[in-house]
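Enquirer: Here the structure of chain A is known, so what remains is to put chain B in place on it, guided by the hints.
Number of protein chains: 2
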Amino acid sequence: MREKEFIEIIKNTLNSNYIGDDCAYLKDLGIVISQDNLVEDVHFSLKYSNPYQLGWKSAMVNISDICASGAEPKYLTVGLSLPASVDNDFVENFYKGLKSASKNIEIVGGDITGSDKVFISFAAIGKTEGRKISSRKNAKSGYKIIVSGQHGSSGAGLRLLVQGKKGPEKFIKAHLMPYAQIDFSKQIAEKVKEDYAMMDTSDGLMDSLSQIAEASGVNLEVDFDKIPYDKDLEKFSDFKDLILYGGEDYQIVAVVPEYIAKNHTVIGQVKTGSGVSIIQNNTVQNFSKYDIEKKIFNHFGK
Amino acid sequence: MREKEFIEIIKNTLNSNYIGDDCAYLKDLGIVISQDNLVEDVHFSLKYSNPYQLGWKSAMVNISDICASGAEPKYLTVGLSLPASVDNDFVENFYKGLKSASKNIEIVGGDITGSDKVFISFAAIGKTEGRKISSRKNAKSGYKIIVSGQHGSSGAGLRLLVQGKKGPEKFIKAHLMPYAQIDFSKQIAEKVKEDYAMMDTSDGLMDSLSQIAEASGVNLEVDFDKIPYDKDLEKFSDFKDLILYGGEDYQIVAVVPEYIAKNHTVIGQVKTGSGVSIIQNNTVQNFSKYDIEKKIFNHFGK
Numbered sequence: 002m003r004e005k006e007f008i009e010i011i012k013n014t015l016n017s018n019y020i021g022d023d024c025a026y027l028k029d030l031g032i033v034i035s036q037d038n039l040v041e042d043v044h045f046s047l048k049y050s051n052p053y054q055l056g057w058k059s060a061m062v063n064i065s066d067i068c069a070s071g072a073e074p075k076y077l078t079v080g081l082s083l084p085a086s087v088d089n090d091f092v093e094n095f096y097k098g099l100k101s102a103s104k105n106i107e108i109v110g111g112d113i114t115g116s117d118k119v120f121i122s123f124a125a126i127g128k129t130e131g132r133k134i135s136s137r138k139n140a141k142s143g144y145k146i147i148v149s150g151q152h153g154s155s156g157a158g159l160r161l162l163v164q165g166k167k168g169p170e171k172f173i174k175a176h177l178m179p180y181a182q183i184d185f186s187k188q189i190a191e192k193v194k195e196d197y198a199m200m201d202t203s204d205g206l207m208d209s210l211s212q213i214a215e216a217s218g219v220n221l222e223v224d225f226d227k228i229p230y231d232k233d234l235e236k237f238s239d240f241k242d243l244i245l246y247g248g249e250d251y252q253i254v255a256v257v258p259e260y261i262a263k264n265h266t267v268i269g270q271v272k273t274g275s276g277v278s279i280i281q282n283n284t285v286q287n288f289s290k291y292d293i294e295k296k297i298f299n300h301f302g303k
Numbered sequence: 002m003r004e005k006e007f008i009e010i011i012k013n014t015l016n017s018n019y020i021g022d023d024c025a026y027l028k029d030l031g032i033v034i035s036q037d038n039l040v041e042d043v044h045f046s047l048k049y050s051n052p053y054q055l056g057w058k059s060a061m062v063n064i065s066d067i068c069a070s071g072a073e074p075k076y077l078t079v080g081l082s083l084p085a086s087v088d089n090d091f092v093e094n095f096y097k098g099l100k101s102a103s104k105n106i107e108i109v110g111g112d113i114t115g116s117d118k119v120f121i122s123f124a125a126i127g128k129t130e131g132r133k134i135s136s137r138k139n140a141k142s143g144y145k146i147i148v149s150g151q152h153g154s155s156g157a158g159l160r161l162l163v164q165g166k167k168g169p170e171k172f173i174k175a176h177l178m179p180y181a182q183i184d185f186s187k188q189i190a191e192k193v194k195e196d197y198a199m200m201d202t203s204d205g206l207m208d209s210l211s212q213i214a215e216a217s218g219v220n221l222e223v224d225f226d227k228i229p230y231d232k233d234l235e236k237f238s239d240f241k242d243l244i245l246y247g248g249e250d251y252q253i254v255a256v257v258p259e260y261i262a263k264n265h266t267v268i269g270q271v272k273t274g275s276g277v278s279i280i281q282n283n284t285v286q287n288f289s290k291y292d293i294e295k296k297i298f299n300h301f302g303k
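Just so you know, the sequences run in chain order A and B. Numbering (the numbering used here) for the first sequence: 2 to 303. Numbering (the numbering used here) for the second sequence: 2 to 303.
If you are wondering where the hints come from, they were derived from the structure by calculation, not from laboratory data. If you're wondering where the values come from, they're calculated on a predicted model, not measured in any experiment. Hints are supplied without guarantee of correctness; some may be wrong.
Same chains, same label: a pair holds when it works inside one copy or across any pair of copies.
To be verified - Computed cross-link-like contacts, DSSO-like style, restricted to lysine-lysine with a CA-CA straight-line distance of at most 27 angstroms: (1) K28 with K128; (2) K171 with K263; (3) K145 with K272; (4) K104 with K28; (5) K138 with K75; (6) K236 with K272; (7) K12 with K128; (8) K118 with K290; (9) K138 with K100; (10) K75 with K133; (11) K171 with K296; (12) K141 with K187; (13) K12 with K97; (14) K97 with K5; (15) K194 with K295; (16) K145 with K232; (17) K192 with K232; (18) K28 with K97; (19) K28 with K187; (20) K100 with K5; (21) K12 with K118; (22) K75 with K194; (23) K241 with K12; (24) K241 with K166; (25) K118 with K5; (26) K100 with K12.
Next comes chain A alone, as it looks inside the complex (with noise of 0.2 angstroms):
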């Protein structure tokens, strides 16, 4: 919540067009840029993650950026502020695993400080040329709702992480060493002609969707049975919640006109109106904006 304030505040003292979406679209260059901070023990814990799993997903956290804006990622450049126990294997590692992710991205350049926390913060460049550049306001009433791959497996991970059990490994792997959707978002953003929406699951699916409804004034209708999941987080009580709310999957969910919808999985549709709407069992649950907050993890903690 103080998050989403915070950035108000922001948004009204620089009185810039470029703040809402996670890429800014640099035209004028033909370029978009996008920035992350990740913070030791906000973001992530030595505890769970090896140095080369850290490097891994920090690259792939922001590559996936890119992939939501639609542009092809190019170049990747790296901030780490480091406490003085970390010593030079850390680095070593966490460059393996950041160089491992960044397949056809190159590495080039960046900062190192002391702290006295990990803090690595990221700057992900992406060339625009030949893509057509999504943005979360573009949403249109007709339009279909679509996404990559799986949904929950990350926040099923990351719980088995902090109950201390070793498995299912595929649940924890889905935590610690996440994909970016490259392929995905290159076959929608240089097929489609109109304007579209597409972000990325980072902070869960129904985060998306609602940022989504709410920055293009509809309502997303989705069939909860269309959402591919693994069948095994069925084991976990509260499976659907993970599903909708888990986070860092770091698939993408574009929202398109309908024959660009066609060659991939589709969950729903845009209506008019506000907010999202999940249908299952031929019930329909309304979830307003606030209803959404309310349920995401917050990063701050309240």
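Expert: Showing chain B alone in chain A's frame:
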């Protein structure tokens, strides 16, 4: 020292040509990009800076990186990680400072998260069209060494702040609200035809000279009496150290052919050899890279 060791590890792991200068030059996109992390109690203290000043300086530090490359500063992204103690006023005033410092430069997004100390990360983008881009490895024997502005004032200001003194205010202001040398950089980068070296003096004049000498495989010979400084610095017993090692003046040192140097303040020249030579009263003092590193503020505090 540790920072430099980490950079070697990163270079070896990535096997990249882009690590070395403060900015990465992405020729295919016609841009340079730089990234910086600023960590509370490492790079700044909220005891000395108010949020407006912190915003101002953070922006200038990053704009200065772009100026050092010779590119035209165009865009900034900002990642802010804030502890729970930070309030709306902090965010508003930080962004006001940021905006005041960023004339003709657009702030285009970023990230906002929680943390236990204030962490600020920046990415800055410059446009290279019509400019020749510098590299610290391009100093050549026979080139002249030129500088912008005055040196040592910021270091003096920091000393006064740490000692709890209120003045001379000009030194404190030089430390808290420096100016990036946008015009100086433009004059050189638009006019020079040959490869040349340029850095800002973020870590002190001697550090910049030493880095250029080392990367270029040359000796930089500087006439101390030609270095411009505020005469009131002489009230500090070690004013020569403040001028040479003080840091955070964000002036520019450029090593350029004579026809570029002639309209600027020339402080020395490039010779064959290595390290930095300081001439004063007909006496030459030679400093190796190691001599200089020993004196320089180490970001890790050791």
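Enquirer: None of the hints should be skipped; say for each whether it holds.
Expert: Cross-check of the supplied hints:
| no. | hint | result |
| --- | --- | --- |
| 1 | K28 with K128 | both (10 angstroms within a copy, 13 angstroms between copies) |
| 2 | K171 with K263 | neither (29 angstroms within a copy, 66 angstroms between copies) |
| 3 | K145 with K272 | within (10 angstroms within a copy, 68 angstroms between copies) |
| 4 | K104 with K28 | both (25 angstroms within a copy, 19 angstroms between copies) |
| 5 | K138 with K75 | both (25 angstroms within a copy, 25 angstroms between copies) |
| 6 | K236 with K272 | neither (33 angstroms within a copy, 73 angstroms between copies) |
| 7 | K12 with K128 | both (25 angstroms within a copy, 25 angstroms between copies) |
| 8 | K118 with K290 | neither (34 angstroms within a copy, 30 angstroms between copies) |
| 9 | K138 with K100 | between (33 angstroms within a copy, 26 angstroms between copies) |
| 10 | K75 with K133 | both (16 angstroms within a copy, 23 angstroms between copies) |
| 11 | K171 with K296 | within (25 angstroms within a copy, 51 angstroms between copies) |
| 12 | K141 with K187 | within (21 angstroms within a copy, 45 angstroms between copies) |
| 13 | K12 with K97 | between (37 angstroms within a copy, 11 angstroms between copies) |
| 14 | K97 with K5 | between (34 angstroms within a copy, 18 angstroms between copies) |
| 15 | K194 with K295 | neither (36 angstroms within a copy, 59 angstroms between copies) |
| 16 | K145 with K232 | within (25 angstroms within a copy, 70 angstroms between copies) |
| 17 | K192 with K232 | neither (32 angstroms within a copy, 65 angstroms between copies) |
| 18 | K28 with K97 | between (33 angstroms within a copy, 25 angstroms between copies) |
| 19 | K28 with K187 | both (19 angstroms within a copy, 23 angstroms between copies) |
| 20 | K100 with K5 | between (33 angstroms within a copy, 20 angstroms between copies) |
| 21 | K12 with K118 | between (29 angstroms within a copy, 23 angstroms between copies) |
| 22 | K75 with K194 | within (23 angstroms within a copy, 29 angstroms between copies) |
| 23 | K241 with K12 | neither (34 angstroms within a copy, 45 angstroms between copies) |
| 24 | K241 with K166 | within (21 angstroms within a copy, 60 angstroms between copies) |
| 25 | K118 with K5 | both (25 angstroms within a copy, 19 angstroms between copies) |
| 26 | K100 with K12 | between (35 angstroms within a copy, 12 angstroms between copies) |
Hint compliance for this structure: hints 2, 6, 8, 15, 17 and 23 are not met, and every other hint is.
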